[in-house]
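Assemble the complex: chain A is given as a structure, and chain B must be docked to it using the hints.
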Amino acid sequence: MTDIKIRITDREGVVHEIDAPTDMNMNLMEVVRSYELAPEGTIGICGGMAMCASCQCYVKSDHELPEKSDDEEAMLAEAFNVAENSRLGCQIHLTEDLDGLEVELAPES
Amino acid sequence: MITTDILIIGAGPTGLFAVFEAGLLQLKCHLIDALPQAGGQCSEIYPKKPIYDIPGFPEVLAGDLVDNLMEQIKSFSPGFTLGERAQTIEKQENGSFIVTTNKGTKHQAPVVAIAGGLGSFEPRKPLLENLKKYEDNGIAYIIKDPEVYRDTKVLIAGGGDSALDWSIFLSDVASEVTLVHRRKEFRGALDSVEKVQSLKNQGKIRLITPGEVTALEGDKKLEAVTVRKNTTAVEDMRIQVDHFIPLFGLSPKLGPIADWELEIEKNAIKVNTFDYQTNVPGIYAIGDVNTYPGKLKLILCGFHEATLMCQSAYQRIHPDKKYVMKYTTVGGVIGFDGSKKEAPKAVVKAID
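If you read the protein sequences in the order shown, they are chains A and B.
Quick note on my numbering: the first sequence kicks off at 1 and runs consecutively.
Quick note on my numbering: the second sequence kicks off at 1 and runs consecutively.
Okay, chain A solo, but in the shape it has when bound (with noise of 0.2 Å):
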């Protein structure tokens, strides 16, 4: 298997059920790209750095997800509508395990 189901709440409050892959090296911000989930120039913006927060999202699914590095940690603390749950979604780096993962995009800022 080498794609995956994630369920993708973007920022007017629509659900996107989408097939990501796993083998192409791809991270959670980057599929929100590639389906355009979010308008361009919005999402991503330091192109996946951990450096802006654009990517920002909320992890709505109970999955075991790796830990935040300081890099992602630190830009959360700057970060706002921060919750428990927030993560960047250019730090979630695609795998099997992340099957059936439910985020929510959180807003522009």
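You may find that some hints are simply not true.
Just so you have them, the derived chain A footprint on chain B, three or more residues with Cβ under 8 Å [to be verified]:
(1) 167-173
(2) 255-269
Okay, derived cross-link-like pairs now, BS3-like style, lysine-lysine, Cα gap no bigger than 30 Å in a straight line [as the list claims (entries may be wrong)]:
(3) A:60 x B:266
(4) B:125 x A:68
(5) B:74 x B:48
A few chain A residues facing chain B, derived, Cβ under 7 Å [claimed, not checked]:
(6) 39
(7) 40
(8) 41
(9) 45
(10) 46
(11) 49
(12) 51
(13) 74
(14) 77
(15) 78
(16) 80
Source of the hints: derived by calculation from the structure; they are not laboratory data.
Glycine included, every Cβ here is placed at the ideal spot set by N, Cα and C.
Just chain B, lined up with the frame of chain A:
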């Protein structure tokens, strides 16, 4: 009025390299950028990150790339209007354009090249009630004149270099400096962190971590803020302040350029791939700010786009001149400052 041949909006890598290509064609450039320094995202967001896909550089730090570009264009003496955002554009009867910044600086050129990246960097504002009411009335996002803070009570929020550096600087100017950050860890240069630690120990900076400003109050101007201290027992503290400076970094916004009657698609300016001209003849868009079928937002693509843009700009500025592209290995680089770089002549000498 500042006049030039090509007015470049955005002093990131693409805008800087355009100066070089224009210079080879003896065209002068002037750059406008909202940030106080050149380099765009490379300087502002990730100066210490290595880039691996600049041709000829197996690895180069973004900040070093900017330094190199500045060195490369030095002899073409570009002008800079920094810390000002290009606001309006007016087409003149002679076909040239006048671009005015938010501070009123006017620039005139026959060609405008927008190399604006993702837009101009605007401060990220905290989500607080009545924030607007106190902007410029006790709240500022950018410190322009530190003397404004002399002998006043200042509260700074943020956890990066600018929050640390300004806390250190203002601890000598203001009567009281409070630094609030959502966590105990700061992301900044090690010596800044250590300096704040020592100023805290001396009682010169009051540190509240983990904490967050949650409310603002004051009649006409800001008089106090509420800081929620998020230790095991949550505690709300009311702190009297004259100034609150939120330093949560900058985020790029396309901004006024979006109103320049250029065709926009997906937050980017549509161009043709012949010379990267927009729907308005004489206005070009190069680098991350443009879009066309197959567009890739890469620095190396911006360099290519800048090069072709300059050829087209030359034709526009000198419609009657015939021109053939010259290699730098042949023509060298003749600067506007009188300098000349060229290949050393081969030695011709007989061998007995």
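Tell me the numbers of any earlier hints that the structure contravenes, in ascending order. 1
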